[in-house]
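Participant: In the working numbering, the protein residues as written are 1171 to 1434.
Note that these hints are calculated values from the structure, not bench results.
Check before you lean on any hint, since a few could be wrong.
Straight line, CA to CA, 27 Å or less: simulated DSS-like cross-link-like pairs of lysine-lysine [said to hold, decoys possible]: (1) K1263 to K1206; (2) K1206 to K1342; (3) K1342 to K1263.
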Amino acid sequence: MSPATDDLELALELADVADSITLARFRAADLVVDTKPDLTPVTEADTAVERALRERLAEVRADDAILGEEYGTSGDADGGGRRWIIDPIDGTKNYVRGIPVWATLLALHEGGQAAIGVVSAPALGRRWWAARGAGAFGTDGLSSGPRRLQVSAVRALEDAQLVVSGFDGWEKRGRLEALLALARRCWRTRGFGDFWTYMLIAEGVAEVGCEPAVSLWDLAAPQVIVEEAGGTFTDLAGVRTADGGDALATNGLLHEEALALLGR
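Could you build the full structure based on these sequences and the hints that come with them?
Facilitator: In structure tokens:
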């Protein structure tokens, strides 16, 4: 088994651990919900998942650094080392309200680049994953097994589906008119949000997705999955990164045109 395959198998194992925790507490009447300093919610499931994944990584990848949404950075990834990036529940507000659109996001960065990405959405019965250079795959409960992901071949914004999480973040940053300009050019706009924005693009059922304020743990796993499905993933300045604070993902064919309308 190659190192990359071994890391992907581990990431999928970690996703199984996360799913067992999150599903057990989803829609629980006694779910404990706190408020973080940034006024966003965090549940007992968020913290339990991250603790469990950190404990497992300490057992099998003790030399690797970790960045998690809830417990910050541990270890040293300077100099291009290995770092696992964990978002225990992407879509915590959905989780709290009983909406099944949430997922655990896991990525492995090596040399500052995403090598592995896993997005697991157990309440939807969906999972997506990719390893750099080996393609992107997903399961949906409908097919007999994993299927390879491929972005769409749509070449005109007028035929494209735009996916956005909402309007408030764009308005707060004075960028709402730019988003609306893009939306007016696209055939259709839908608000699926969070990880699902990027997975829909990787599956080839949407063409453009963007967010005005996001963190590395929100994007590290989606980036490698979108790119391995043939798409393009940058920040709103056009830099290929998951750490730019905002994001634009497309099928690649529409990236420059969308960026011209949205770019900083």
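Participant: Are the hints correct? Go through all of them and say.
Facilitator: Status of the hints after comparison with the structure:
| no. | hint | in the structure |
| --- | --- | --- |
| 1 | K1263 to K1206 | holds, 13 Å |
| 2 | K1206 to K1342 | holds, 20 Å |
| 3 | K1342 to K1263 | holds, 19 Å |
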